[in-house]
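Participant: Knowing the structure of chain Z, use the given hints to seat chains U and L on it.
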Amino acid sequence: MSIVVKDVVKRFGNHLALNQVSVEVPSGALVALLGPSGSGKTTLLRIIAGLETADEGSVHLHEEDAGDLDVRDRNIGFVFQHYALFRHMNVADNIGFALKMRGRPKKEISDRVNELLRLIQLDDVGSRLPSQLSGGQRQRVALARALAARPRVLLLDEPFGALDAKVRKELRDWLRRLHSEIHVTSVFVTHDQEEALELADRIVVMSQGRIEQIGTPDEVYHHPANAFVMKFLGQVNLFHGRVEDGEVVLGANDKDAVVGYVRPHQFEITRHPIGKPSWPALVVYVNAAGVQVRIELRLTDDDRSLEVIVSQDAFRELALKTGEAVFVRPKEMKVFRDDVADYAI
Amino acid sequence: MEFNKSVREDPWYLRVPLILFSVLFIGIMVIGPMVNVFAQGLELGLGVAFAAMAHPHALHALRLTLTAAVIAIVLNVTFGIAVAWAIARFRFRGKAVLTSLIDLPFSVSPVIAGLIFVLLFGAYGFIGPLELSPVAQRIGNTIILGFVGLVLAWLNSEFNLLSFAFRPRWARLILVLGFAGLGCIQPVTDLDRIQIVFAVPGIVLATAFVTFPFVARELIPVMEAIGPEEEEAARTLGASGWQMFWYVTLPNMKWGLLYGVLLCNARAIGEFGAVNVVSGKLAGRTDTLPIYIEKLYQGFGAVQTASAFAISSLLCCLALLTLVFKTYLEWKNRQYLQEQVKKEAS
Amino acid sequence: MTGQKRRALPGFGLSLGYSLFYLSVLVLIPLAGCFIKASSLSWSQFWHAVSDPVAVAAYKLSFSTSIIAALLNAFTGLIVAWVLVRYEFPGKKLLDALIDLPLALPTAVAGITFANLYGSEGWFGQHLMFLEPDGFVGHWFSEDGWFGSTLFTLDTRARGGPLAIVVVLMFVGIPFVIRSVQPVLAEFEIAQEEAAASLGASRWQTFRYVILPALLPAWLTGLALAYARGLGEYGSVIFVADGIPGKTLIPPVLIIAKLEEFDYARGTFKYEEAAAIASVVLTMSFITLVLINLLERWSKKFEPSEA
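Residue numbers (the numbering used here), protein chains in the order written: chain Z, 1 to 345; chain U, 1001 to 1346; chain L, 2001 to 2307.
Bound conformation, chain Z alone (with noise of 0.2 Å):
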């Protein structure tokens, strides 16, 4: 294990920051700290980097006690979410600042600096202030600047945070690409759920300083662990019902009352009714530009509205038109209680 995070507790004055949090995280990983503003991913990040102290608990670095090492001495490679470069050095300096404060020779500097300039692209900018960059071009100096003393772990908080869509794709897949060449330990801080699933190998899900799950893409995204987890990483519809014998029985009631989730996908539209349950329901918006189609449906019994995505082919089949009846069934159905089984086709 590379780092291993346990029991830290942090408090901020009255507001606990993080809550008995224990991470581990394998050498050579790339890990996404995933979870709503103000869950203390943050906090957590800036913990493993020595620029927050926990109030409790410990954190190892290479089967290292980090407790009493300082900032300087643990060496990461930060990435902080402004980027926080040196406005007032240029580029190259930026990048050679972490060389230059370990006292090398100019020499060895420079031709780590220009090695970490081709690795990222960037390698006619060496003279410019980073005033003059463009954000994505700032992000990339950022994490050479990181880079440059051969860290052990790289930490990135929001490291995408601060960039329109279409930049913030690219350097998405370009950090991919970076990270299967360098393979150094990371973790990165998002609140953008598609981001997580499709750069990290492995998802901390978390939420008021608690972590809800630790897993794979895949595992959290099909095996959420709760419903906070299902809600977070995706769209999803919600019934109330109740339990009999084990089943969900929908149709909310008092006694032993449960929630079941059905993601948007996990849904069949038919024109007659098959099997149970099988509701009925009226097409009120079609949205078919998309690789998929998304359909709003009010179901007739209750009046209450649900959002079904199917593929460009089904709706072919269909035919579907607003304002016409159908009827809707899930396939799948996540109940999150041990004494209740998952419903599924």
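A couple of the hints might just be wrong.
Unchecked claim - Quick list of in silico lysine-lysine cross-link-like pairs, DSSO-like style, CA-CA up to 30 Å:
#	chain 1	residue 1	chain 2	residue 2
1	Z	Lys231	Z	Lys6
2	U	Lys1332	L	Lys2270
3	L	Lys2270	U	Lys1295
4	L	Lys2270	U	Lys1281
5	L	Lys2092	U	Lys1295
6	L	Lys2060	U	Lys1254
7	U	Lys1332	L	Lys2060
8	U	Lys1326	L	Lys2092
9	U	Lys1281	Z	Lys100
Hints were generated in silico from the structure; no laboratory data involved. Computed from a prediction, not measured in an experiment: that's the story for all the values here.
Facilitator: Relative to chain Z, chains U and L alone:
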């Protein structure tokens, strides 16, 4: 034109009188008095003006004024950087109180600023002139050298100078106790009486008091606007505290710092009330320039008055120069901070 | 306590420790010394020193001239700030830079040039003889004049009288109101004025109900700063006021006089009395400082919050 008008554009019958009023007001209240200084200074010709400036007492007053200003600036810059670092970078109890205490000397009348030092160090004051008995001398030496040891210990911990021989904790102990002990056993200074009031130290103290807030007041907002991220970045990249300060903090705050120094300097050179009380006005010994001007002006004869104005012209030029630098530094500092805003917006 | 933890950024203990040390040695302890010295008087002695008619007249003079000068500056400062922010005219940059001259110019220099300008042979003074007690305007306000004999006497002398003090206090206070109001006015959104206009407000109504309320906190802060500066001013006043005890003598001059007055009965200088008067003036200043702090906090409420 009419259809293209902004809601902000006032009609000419409002605009013109208001502009005229402003120009006239500043003209009468500021420009007139300023021009009068030069006119009166040159009333008896350039010869008299130069003779006034070259008088030994004038030169001595100039030297004393500059000495006091430089020492006050050094003291207040050290304080300003320290307090801005503590306030802009850390959370601690009593921060709001500390922030408002910095402004305290601004609200104290200069004469009272002088008075408090006379009350402490005057002939009938609490402490009086520092008469040092042999014991007091040793205690003083112990404290001073102990402080030197403390500074060295701090430098050592920053640069790991003695790490080849001692563990940091031992090195600190040895340095502090060693130096303090040296001061206790063998006094290295032989001062037994330090005159403070009616002497240069008093002038320096009074000047430092009235210029106390300038640097800190400029630095705190500048450092808050810049934020801690670049310093944190330097730390993650392996910079020591001193390296971080030297390579990141200082370059980032330099325009704000220069601005504070400029204001501090202008006030230090011009301070009259506080210095007037503590200086004792010993001609050629404890006269600063403003006090020397007062003496000349109170003296009789056209030559004396013209001399007072001639030296005033010198200070007036300095004030104008200050304004030019001030405008430049304000522009520079704004530009520097805006780069960050741009960066975050992109 | 967060201070005990190791922090990512170094130097907390050193910087805070040094700051508190320097603040205490240079400011807090000496100021406390002033109050301690004053408290060494008995209550009746203290009361005698601070309620002496000359001292009371000095407080009144200082208070009234400062407030009049600050009010005049508030009025003119608002106009000058408006002109500097809103209008373009040749020489504007120069005018803007010269606003700060009173801060940069040594007060003694200001004092002698004002004394000279308004002297009987000065550029301005020679045209102001009508304000002197024997001049035709000043005469109305003297004890023999119509105004003075029917209402109250008012000393309107341009040289040496309260009027002269008001003029120099105006000079030293010029930058405060202008520099407080200017940035607020410059950052005032044009959209707000456009919104007011679109809702049917006239130019004057827009100013009165939209712009002025937004300027008010900064304006009052500037006024208070100018007032505080006037209360403490010494250097320029002593050159223009003739310093008649009970009439044109300000507290700082009184303090210096006490400091130099030898008490033969006790064989010492009257340090305690000087400290007593100083502590009254200091208390007045501290109240103003608290007021300014409250005003600044109030004005912060109007700034858009970051969220």
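Participant: Now, for every hint given, state plainly whether the structure supports it.
Facilitator: Verification of the hints:
no. : hint                  : result
1   : Z:Lys231 - Z:Lys6     : 27 Å, holds
2   : U:Lys1332 - L:Lys2270 : 51 Å, violated
3   : L:Lys2270 - U:Lys1295 : 25 Å, holds
4   : L:Lys2270 - U:Lys1281 : 20 Å, holds
5   : L:Lys2092 - U:Lys1295 : 37 Å, violated
6   : L:Lys2060 - U:Lys1254 : 44 Å, violated
7   : U:Lys1332 - L:Lys2060 : 44 Å, violated
8   : U:Lys1326 - L:Lys2092 : 16 Å, holds
9   : U:Lys1281 - Z:Lys100  : 54 Å, violated
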